[in-house]
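Colleague: The chain contents come next:
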Amino acid sequence: MTDMRNQGDVTATGDGRLAIPAMLNGRQTTLVARPWHTLLETLRDQEGLYGVREGCGVGMCGACTVMLDGEPVSSCLVLAPQVAGREIRTVEGLAAPDGTLSDLQQAFIDHTAFQCSYCTSGFLITAERLAEEHPDASRDEIRHYLAGNLCRCGSYVKILDAVADLLERRRAGRTAG
Amino acid sequence: MSGVAKGLPGTWADTHRGTAQPEQPGMMDARDRVTGKVDYVINMTLPGMLHAMVLRSTAPAARIVRIDTEKARQVPGVVTVLTGRDIVSRTDVRSHFGPVFRDQPVLAVDRVRFVGEAVVAVAAVDRDAARAALDLVEVEYEELPPVFTFDEALAEDAALVHPEPPRAGATFADIIVHSQAGSNVCNTFKLRKGDIEEGFAQSDYVFEDTFTCPAVQHVPLETHCSVADARANDIVIHTTSQIPFMVRSQLAEVFNLPASRVRVVVHTLGGGFGGKCYPNTEPLTAMLSRFSGRPVKLHLSREEEFTAITRHAMRITLKTGLRADGKVIARKSTCHFNTGAYADIGPRLIKMGGIGTGGPTSIPHVWIDSAAVYTNLPPAGAYRGYGISQAAWAYETQIEMIAQRLGWDPYELRKKNLLVNGETNATGEVMDDAHWHELLDQVAAKIGWSWPQVPQRNGSKVRAKGLSCIIKGTVTPSASTSMVKMNEDGSLHVMTSSVEMGQGLQTSMAILAAERLAMSVANVIVSTPDTAFTPYDQQTSSSRSTHSMGMAVTRACGGIADQLLNLASEALEIAVDDLELSDGKVRAKGAPDKGIGYDVLVKNQKGGNLLATGEYITGGGLDPETGQGIAAVHWHQAAGAAEVEVDLETGKVNVLAYEAAVYAGRVVNPVQAELQAEGNVAFGLGHALFEEMVYDNGQLQNGNLGDYMIASFEDMPEHIGVNCLEEPVLNEIHGIGETGLPPVMPAIGNAVFHATGVRITDAPITAEKVLRGLRALEAARAAGASSAGPGTAR
Numbered sequence: 088m089t090d091m092r093n094q095g096d097v098t099a100t101g102d103g104r105l106a107i108p109a110m111l112n113g114r115q116t117t118l119v120a121r122p123w124h125t126l127l128e129t130l131r132d133q134e135g136l137y138g139v140r141e142g143c144g145v146g147m148c149g150a151c152t153v154m155l156d157g158e159p160v161s162s163c164l165v166l167a168p169q170v171a172g173r174e175i176r177t178v179e180g181l182a183a184p185d186g187t188l189s190d191l192q193q194a195f196i197d198h199t200a201f202q203c204s205y206c207t208s209g210f211l212i213t214a215e216r217l218a219e220e221h222p223d224a225s226r227d228e229i230r231h232y233l234a235g236n237l238c239r240c241g242s243y244v245k246i247l248d249a250v251a252d253l254l255e256r257r258r259a260g261r262t263a264g
Numbered sequence: 148m149s150g151v152a153k154g155l156p157g158t159w160a161d162t163h164r165g166t167a168q169p170e171q172p173g174m175m176d177a178r179d180r181v182t183g184k185v186d187y188v189i190n191m192t193l194p195g196m197l198h199a200m201v202l203r204s205t206a207p208a209a210r211i212v213r214i215d216t217e218k219a220r221q222v223p224g225v226v227t228v229l230t231g232r233d234i235v236s237r238t239d240v241r242s243h244f245g246p247v248f249r250d251q252p253v254l255a256v257d258r259v260r261f262v263g264e265a266v267v268a269v270a271a272v273d274r275d276a277a278r279a280a281l282d283l284v285e286v287e288y289e290e291l292p293p294v295f296t297f298d299e300a301l302a303e304d305a306a307l308v309h310p311e312p313p314r315a316g317a318t319f320a321d322i323i324v325h326s327q328a329g330s331n332v333c334n335t336f337k338l339r340k341g342d343i344e345e346g347f348a349q350s351d352y353v354f355e356d357t358f359t360c361p362a363v364q365h366v367p368l369e370t371h372c373s374v375a376d377a378r379a380n381d382i383v384i385h386t387t388s389q390i391p392f393m394v395r396s397q398l399a400e401v402f403n404l405p406a407s408r409v410r411v412v413v414h415t416l417g418g419g420f421g422g423k424c425y426p427n428t429e430p431l432t433a434m435l436s437r438f439s440g441r442p443v444k445l446h447l448s449r450e451e452e453f454t455a456i457t458r459h460a461m462r463i464t465l466k467t468g469l470r471a472d473g474k475v476i477a478r479k480s481t482c483h484f485n486t487g488a489y490a491d492i493g494p495r496l497i498k499m500g501g502i503g504t505g506g507p508t509s510i511p512h513v514w515i516d517s518a519a520v521y522t523n524l525p526p527a528g529a530y531r532g533y534g535i536s537q538a539a540w541a542y543e544t545q546i547e548m549i550a551q552r553l554g555w556d557p558y559e560l561r562k563k564n565l566l567v568n569g570e571t572n573a574t575g576e577v578m579d580d581a582h583w584h585e586l587l588d589q590v591a592a593k594i595g596w597s598w599p600q601v602p603q604r605n606g607s608k609v610r611a612k613g614l615s616c617i618i619k620g621t622v623t624p625s626a627s628t629s630m631v632k633m634n635e636d637g638s639l640h641v642m643t644s645s646v647e648m649g650q651g652l653q654t655s656m657a658i659l660a661a662e663r664l665a666m667s668v669a670n671v672i673v674s675t676p677d678t679a680f681t682p683y684d685q686q687t688s689s690s691r692s693t694h695s696m697g698m699a700v701t702r703a704c705g706g707i708a709d710q711l712l713n714l715a716s717e718a719l720e721i722a723v724d725d726l727e728l729s730d731g732k733v734r735a736k737g738a739p740d741k742g743i744g745y746d747v748l749v750k751n752q753k754g755g756n757l758l759a760t761g762e763y764i765t766g767g768g769l770d771p772e773t774g775q776g777i778a779a780v781h782w783h784q785a786a787g788a789a790e791v792e793v794d795l796e797t798g799k800v801n802v803l804a805y806e807a808a809v810y811a812g813r814v815v816n817p818v819q820a821e822l823q824a825e826g827n828v829a830f831g832l833g834h835a836l837f838e839e840m841v842y843d844n845g846q847l848q849n850g851n852l853g854d855y856m857i858a859s860f861e862d863m864p865e866h867i868g869v870n871c872l873e874e875p876v877l878n879e880i881h882g883i884g885e886t887g888l889p890p891v892m893p894a895i896g897n898a899v900f901h902a903t904g905v906r907i908t909d910a911p912i913t914a915e916k917v918l919r920g921l922r923a924l925e926a927a928r929a930a931g932a933s934s935a936g937p938g939t940a941r
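Quick mapping for you: the protein sequence lines, in order, are chains A and B.
Counting the first sequence from 1 gives a position; this note's numbering is that position plus 87.
Counting the second sequence from 1 gives a position; this note's numbering is that position plus 147.
No lab work stands behind these hints: they were computed from the structure.
Heads up, none of these hints are tricks.
In silico lysine to any residue, SDA-like type, Cα no more than 20 Å apart, as pairs: (1) K750/B to N634/B; (2) K184/B to Q133/A; (3) K184/B to D132/A; (4) K184/B to T187/A; (5) K218/B to D275/B.
All chains, full assembly: derive it from the sequences and hints.
Modeller: See below:
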């Protein structure tokens, strides 16, 4: 549901489009979209965030997953005006500003957890939230959590290895700390 | 140009390696892959580019009575509204295309042949305008009698999908055309080995069974997308293609241009699986660009992708004769492949699929009739496994049905029949690198195969195991060529037209190049295809690239190696024979500190760079009447074993464990080999248990990822064992991209049978079918028919 408190932030541009203020990968921006445009097409067409990709258009494959206020959502099912005043994070926002990869991205590389990689962005976003929410998830719990993201190349074994390894590394980091 | 290495199909021995083993990355561009930076075609935009959308047929077979585009043309932002008639009315372009028959219109001309066929296309400044325009197009159809099933299409009085015989054109050398004008038979293939009647006469047992598989879709997560610029006479197209040179030749034909004036650029694909082999969105996108005078992008929706191209539904009847000792001595197979409304590559696929029904078995008497049949369904074409998934479903199921009828161990029955060196397969080729026994033994041991299979019961669930073993050819004859250049800093560019589609092609080529030149993989860049600049490769399919392009790249690098050795010999005044390549330098053998870097050699040579090319060309062909000859330069071999758990209350099948064994000859990139093998399990598991395109009067009922299931994390077995068999003496690379797929369906089906006694012969093995089979068994038991044996669910 749209957060009603932020509705007032959307303004008309005068040419049938809407100006939609939002936080995008840590910076304040204004998305411009027609009322029926999805967040997916707005991020791609206007912001050039090509890591967000359409796979099915109906919220079933997870390829277009982005973080909206900290929760993974299918950006093909979110209308652009719904994100007014909210915070969006895409795969492009996972690495540090200096380009250093996140430990999750590194784990995917270490396990080669991809083939064609079209689904990878969505998996990374969902897995990032999984790691925050369930730092002690078992392999079974990881499988269940990631079941809404589809990989047609079938890289599931390596994705599972990568995420399990990430959780292990973070646990080790906490223990050491 | 020096260093051209050209030779006959050979083994790895003629391409000796350098001394350094380079580090092996999983994927060269891994960083781009985890940061969202891969440049798929869908990301591409050009200045002034229009967006295309397509109005598609709502009738499976109809005459187009009227198309009214007037209102659509008035929509602000719409530049072009195009119909098939508009194309036909121009004399400088052709209206039809196709890799074998030119039977597919760029846009329907007067007639539609399947629900989803492109009828009207709009190019507009944005998708909103294009969508609005499509809504205003009016099309009036006069429906014609459609044909969907084999029986309907092959009936004597069947309505013809193509009343006029499709026009043939230039195609691949291996394709044999035997079409039957005046029928819906698109093409036939026949194979005659030995004397089939004599074979059955000598048989102690003869069994005849029929198997079916439905149409399924490739479902690459990246749908087809093309960006074409045909404003000038020349055409530049960026497109999602596994066969850029086929796109080039087809566009050259459609637009009456020399091949040199069509430039096809292919980016990394978001999956292909055979669905991006033959021209699809390209002719229409280029046509829209030509008519509008603007660059045009066409990106299919998921719904459109489902009817863009499919895997052939098939029906195979196998009549198999055995001697009392279990040796199979005769097989007659009758194969029908539903190729849909347009032939695409169906005329070739029926050959490999038909041959495939011979199985990994030396059968003296074989008779195969295989036909591609036109129907009013979406076109079927290449698909990972290329007909062998369907063939293996038939023969690997039947061999178990035979074993069960005779009370034999299906493993032992296979062992009596698996090919060994010196025996011949269906096409009469003598095997000299046969590993089926090892592969089957490996998976049987790993899964813990035992006989008899006693289902393990746990509450309402039962567990058991199943096996399978397959043979698969690779497209032959075929050609791959490569060009490499070594730059002044010693780095290397490898130029090929093989397509990176997730299989790790670029990384494999980099590894092979680095290995041959004893340099770091990190200093090698492998191109993506651009037909204006990268040399010819026949196709990225058929599990051929690592083998064929690998050979071409290695040979080209051999040319560079020779030049480096000669340059160093002059510079160091040491004979070439006393020099070797090592770690980016040419060094004196036995005196490794006496060496000279590649960078120095290239700089001093003053040519700017070193250039060399390499080729790999295979030969073969089959007799058109007997199907005997050379069908494949070498044979792909695989086995699979599944352990399943079936819930007797719901019929639901879970795959608990899967062991995949595949003959790799030599593994180039171990991580990628595992990924491909694991991916085949995910793919085949979907085909085995739930994937099916469901039609109602030709209208697809499940053309979205909500209703059409592909394997998710939760469907995957807890354990997948990958066993890549290597042969260090021959050291010949065998492709494994699809080889591991065909065993999956029958291995699961056979395990389900051993768990439940229910034999499914029509894939997929849905819970509903299993439950129906269980109830039939119960009913038979209740009726006291103790001799009824396990039931067959249809």
